[in-house]
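K.L.:
If you want the building blocks of each chain, they are given just below.
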Amino acid sequence: MEHAFSLFVRSIFVDNMIFASFLGMCSYLAVSKNVKTSLGLGVAVTFVLLVTVPVNYLLQKYILAPGGVFGDIDLTYLSFILFIAVIAGIVQLVEMVVERFSPSLYNALGIFLPLIAVNCAIMGASLFMQQRIEMDPNTSTQAIGGMLDAFAYALGSGIGWLMAIVALAAIREKMAYTNVPKPLQGLGITFITVGLMAMAFMCFSGLSL
Amino acid sequence: MSKLFSKDNQKVFLEPLNINNPILIQVLGICSALAVTAKLEPAIVMGLSVTVIMAFSNVIISLIRKTIPNRIRIIIQLVVVAALVTIVSMILKAFAYDVSVQLSVYVGLIITNCILMGRLEAFAMTNGPWESLLDGVGNGLGYAWILVVVGGVRELLGSGTLLNIRLIPQSFYDAGYMNNGMMTMPAMAMILLGCVIWVHRSFIKE
Chain P
10 MEHAFSLFVR
20 SIFVDNMIFA
30 SFLGMCSYLA
40 VSKNVKTSLG
50 LGVAVTFVLL
60 VTVPVNYLLQ
70 KYILAPGGVF
80 GDIDLTYLSF
90 ILFIAVIAGI
100 VQLVEMVVER
110 FSPSLYNALG
120 IFLPLIAVNC
130 AIMGASLFMQ
140 QRIEMDPNTS
150 TQAIGGMLDA
160 FAYALGSGIG
170 WLMAIVALAA
180 IREKMAYTNV
190 PKPLQGLGIT
200 FITVGLMAMA
210 FMCFSGLSL
Chain Y
14 MSKLFSKDNQ
24 KVFLEPLNIN
34 NPILIQVLGI
44 CSALAVTAKL
54 EPAIVMGLSV
64 TVIMAFSNVI
74 ISLIRKTIPN
84 RIRIIIQLVV
94 VAALVTIVSM
104 ILKAFAYDVS
114 VQLSVYVGLI
124 ITNCILMGRL
134 EAFAMTNGPW
144 ESLLDGVGNG
154 LGYAWILVVV
164 GGVRELLGSG
174 TLLNIRLIPQ
184 SFYDAGYMNN
194 GMMTMPAMAM
204 ILLGCVIWVH
214 RSFIKE
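Sequence order for the protein chains is P and Y.
Numbered according to this note's numbering, the first sequence spans residues 10 to 218.
Numbered according to this note's numbering, the second sequence spans residues 14 to 219.
FYI, nobody ran anything at the bench for these hints, they're computed from the structure.
From the three backbone atoms N, C-alpha and C, an ideal C-beta is built for every residue, glycine too.
Careful: at least some of the hints might be erroneous.
[Claimed, not checked] Within a straight-line C-alpha distance of at most 30 Å, the following computed DSS-like cross-link-like pairs (lysine-lysine) qualify:
| hint | chain 1 | residue 1 | chain 2 | residue 2 |
| --- | --- | --- | --- | --- |
| 1 | P | Lys-183 | P | Lys-45 |
| 2 | P | Lys-191 | P | Lys-45 |
| 3 | P | Lys-191 | Y | Lys-24 |
| 4 | Y | Lys-79 | Y | Lys-24 |
| 5 | Y | Lys-79 | Y | Lys-20 |
| 6 | P | Lys-70 | Y | Lys-106 |
[To be verified] Coverage of chain P stretches by chain Y, computed from C-beta distances (three or more under 8 Å per stretch; other residues unrestricted):
| hint | segment |
| --- | --- |
| 7 | 22-32 |
| 8 | 93-100 |
| 9 | 195-202 |
Please work from the sequences and hints to get the whole structure.
P.N.:
Rendered as structure tokens:
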């Protein structure tokens, strides 16, 4: 329990998806023009992470890794294909469920829902999870030892991503009124802003829980 | 059927290198571009891997484009790319183990690299195999040269080396020169890329 909580806090601040490992950058830059849509995308990403990471955790632990259903056969070389298939499938499923039960949320998310399938943050979280399973939970703060840890990691990464995109959107809304040099406008200044935000987040790296 | 090296095909190959660069203009595939550029060597390997995967997946999708049902094309594209990425990742593990450890999850993340999906959707689905090959190689190289520039600057200023060969002589350090540790941090990758875009846009008038 304690370990899961520390994992949760660390994945929001220290191992932040955007500022520490640059995952999900494409949609992060493309959608962060206003706070409202970026909040919608952030919620959708968090939700999909919360479903896909635990599912991929079970897959990795009980099917792909040696010692699972198939005995000692090591199937981890199939992980890329399986993970992406699971992600694409679950995104499709989530889309249908949301459309059926909450049309208002479906309309608010719009095109972002299907696009999440190719968001690197989702795939990245599953791949990091795969690496972290092998770590020892007693010595490493990053290890994922069980289902609870997988949930905590997914939720933390999602909230970290959400926070980062809403913060950038807020800055960009203000920046619309500033006088930026012509060639730097748009993309260039956004990159430099994210760089400065990442520097600010570096001060969390000493955080220990 | 146009000639193999006609004007149009040259344009398909050369545009992504400069005026239609996937990173600088279309803003695709940023994630890996930033994360692997702390040193020059992984940046080169990553650029080459993406170029190879891009070329092959473009050709494969373009060959089977008439048989793909429209509704499930995304999943088919993802599976083709994922299979190619698995092959490349195993080749890297076999022949360049050190670099593949440095690249860690970012090799796997080539699957979700938006450049690949973008080119498959926008080009390979509507064009023949030869044009798609040129487009794939062009976009891959357009991606690779940005990685090499950013990786080179970061390694030179951050560790004083290029491809692990020391370039800044010891006498400089004795005279008080210091490596800029900031350059090896992820944050500087963003700022450097911002500067590359700045320079590029001030030369290319929109």
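K.L.:
So, for every hint listed, does it hold in this structure?
P.N.:
Each hint tested on the structure:
Our distance criterion of 30 Å between C-alpha atoms is met by P/Lys-183 and P/Lys-45, whose separation comes to about 14 Å. For the given pair, P/Lys-191 sits about 27 Å from P/Lys-45 by alpha-carbon distance, which is consistent with the 30 Å threshold. For the suggested pair P/Lys-191 and Y/Lys-24, the alpha carbons sit about 28 Å apart, so the restraint of at most 30 Å is met. With a C-alpha separation of about 25 Å, the suggested pair Y/Lys-79 and Y/Lys-24 falls inside the 30 Å cut-off, and the hint holds.
Annotation: proposed proximity of Y/Lys-79 to Y/Lys-20 holds, straight-line Cα distance about 26 Å (limit 30 Å). For the given pair, P/Lys-70 sits about 22 Å from Y/Lys-106 by alpha-carbon distance, which is consistent with the 30 Å threshold. For the segment 22-32 of chain P, the stated coverage by chain Y holds: 5 residues have a C-beta nearer than 8 Å to a C-beta of that chain, and at least 3 were required. For a cut-off of 8 Å, the count of residues in the segment 93-100 of chain P with a CB near a CB of chain Y stands at 3, and the three-residue condition holds.
Closer than 8 Å: that is the beta-carbon criterion, and the segment 195-202 of chain P has 6 residues meeting it against chain Y, so the requirement of 3 holds.
In this structure, none of the earlier numbered hints is contradicted; all agree with it.
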